[in-house]
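Chemist: Listed here are the chains, written in short residue letters.
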Amino acid sequence: MQNAIDALYYDASIKVGLQFKRRFWEQDDAIYGGISFTDQPNSMIGYPSTDYFSDGKGVLLGAYTFGPNAFLYAAMSPEERVAKTVEYGAKLHPQYKEEFENGVAVAWHRVPWTLGCAGHWTEELRAQHYDDLCAIDGRIVLAGEHASRIPAWQEGALLSSLDAIRRLHQRVMTA
Amino acid sequence: MLSFKTLGFGLALALVAGAGARAQEIYSGHYPQQTGQAIYQGICQGCHMPGALGAVGAGAYPALAHNPHLASGEYPALVVLNGRKAMPNFGSSFSDEQIAAVVNYVRVNFGNHYPKPITPAEVAALRASTK
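Top to bottom, those sequences are chains A and B.
The opening position of the first sequence corresponds to residue 1293 in the working numbering, with each subsequent residue numbered one higher.
The opening position of the second sequence corresponds to residue 38 in the working numbering, with each subsequent residue numbered one higher.
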């Protein structure tokens, strides 16, 4: 299990939420939900699929990145991440400059209890380490997206926990 | 109605997974930074932190400041190329020149005094020998 843990590193990911004074993407540009993809470091802008046509403030997913762009973002301070995201987004939506209020940024490599976003499996790593990672080793059994075949997904984490509990139960009942 | 928040991580990954070419674009790529300082501040300090002080959470990011493991340039170059434990490999995202630049930068900053640089050619040889 130790070898398997050492072999699996975590992918980086970041998200930035931006709050605006009004839902200009709906009011000016007739955008209702969906995603704009961009080749800038923020990678994409996600528009809310809720509260269509409402007055008042709105929040966009201003950045959501993986790979190199996620490491670039993680290396910034939270304030800098928000400022850069506003800068990138303003190229797509000039309204950003007028309407931006505040924002919040999360970089999973900086979240103390995970230090990363999701296990990075390759076919080779799976062949070599997956069974060992999931096996009950002494008093330890792991469960989570990293111990599943659906990495990064809540579904993988839930299936993994059910599987771990089933195997633990089986072991206790046959002991 | 599902809120965007609850869809969260899964939604975008579904879109990514649904288009193979797109996933490649997002997960691979090169870094524009070329100088050691720009590479360190732009990428490495995302984990090793400003000042190379490292951090501790569920695991630990080693401090590179005052780190005797940097005495030989080959060791940090190998770690950047191939990764080590929780550290991802950056071999496919960095050129030999970039790896030499950032390794040499870290080895003469943050309280480290190892002035004999590693050359891009030496990084290339390491890359070839560990393929």
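Since the hints were made in silico from the structure, they are not lab data.
It is possible that part of the hints are untrue.
What the hints assert, rightly or not - Some residues of chain A that are not near chain B, with every Cβ distance over 12 Å (derived):
#1 1313
#2 1316
#3 1386
#4 1390
#5 1406
#6 1422
#7 1431
#8 1453
#9 1454
#10 1464
#11 1467
Stated by the list, open to error - Label pairs and their in silico Cβ distance ranges:
#12 B:106 with A:1331: 50 to 58 Å
#13 B:67 with A:1321: 39 to 47 Å
#14 A:1295 with B:162: 26 to 34 Å
#15 A:1463 with B:122: 49 to 57 Å
#16 A:1319 with B:69: 30 to 38 Å
#17 B:91 with A:1346: 43 to 51 Å
#18 A:1321 with B:90: 23 to 31 Å
#19 B:150 with A:1463: 51 to 59 Å
#20 A:1294 with B:112: 41 to 49 Å
#21 A:1344 with B:112: 54 to 62 Å
#22 A:1458 with B:78: 43 to 51 Å
Beta carbons: idealized from backbone N, C-alpha and C, even for Gly.
Chemist: With reference to the structure, classify each hint as holding or not holding.
Modeler: Each hint, compared with the structure:
1. 1313: holds (19 Å)
2. 1316: Consistent with the label, residue 1316 of chain A stays out of reach of chain B, its closest Cβ about 17 Å off (over 12 Å).
3. 1386: holds (23 Å)
4. 1390: Given that every Cβ of chain B is farther than 12 Å from that of residue 1390 of chain A, nearest at about 23 Å, it holds.
5. 1406: violated (6 Å)
6. 1422: Since the minimum Cβ distance to chain B is about 17 Å, residue 1422 of chain A lies beyond 12 Å and the statement holds.
7. 1431: holds (19 Å)
8. 1453: It holds; residue 1453 of chain A is separated from chain B by about 17 Å at its closest Cβ, greater than 12 Å.
9. 1454: For residue 1454 of chain A, whose nearest Cβ neighbour in chain B is about 18 Å away, the distance exceeds 12 Å, so it holds.
10. 1464: Holds: least Cβ distance 28 Å, greater than 12 Å.
11. 1467: For residue 1467 of chain A, whose nearest Cβ neighbour in chain B is about 31 Å away, the distance exceeds 12 Å, so it holds.
12. B:106 with A:1331: 50 to 58 Å: Because 37 Å falls outside the window, the suggested range is violated.
13. B:67 with A:1321: 39 to 47 Å: Since the Cβ atoms of residue 67 of chain B and residue 1321 of chain A sit about 33 Å apart, the hinted range of 39 to 47 Å is violated.
14. A:1295 with B:162: 26 to 34 Å: The hinted range 26 to 34 Å holds for residue 1295 of chain A and residue 162 of chain B, with Cβ atoms some 28 Å apart.
15. A:1463 with B:122: 49 to 57 Å: Violated: the Cβ-Cβ distance is about 29 Å, outside 49 to 57 Å.
16. A:1319 with B:69: 30 to 38 Å: Once the Cβ atoms are compared, 36 Å apart, the range 30 to 38 Å for residue 69 of chain B and residue 1319 of chain A holds.
17. B:91 with A:1346: 43 to 51 Å: holds (46 Å)
18. A:1321 with B:90: 23 to 31 Å: violated (44 Å)
19. B:150 with A:1463: 51 to 59 Å: holds (54 Å)
20. A:1294 with B:112: 41 to 49 Å: violated (22 Å)
21. A:1344 with B:112: 54 to 62 Å: holds (56 Å)
22. A:1458 with B:78: 43 to 51 Å: holds (47 Å)
Hint compliance for this structure: hints 5, 12, 13, 15, 18, 20 are broken, all remaining hints hold.
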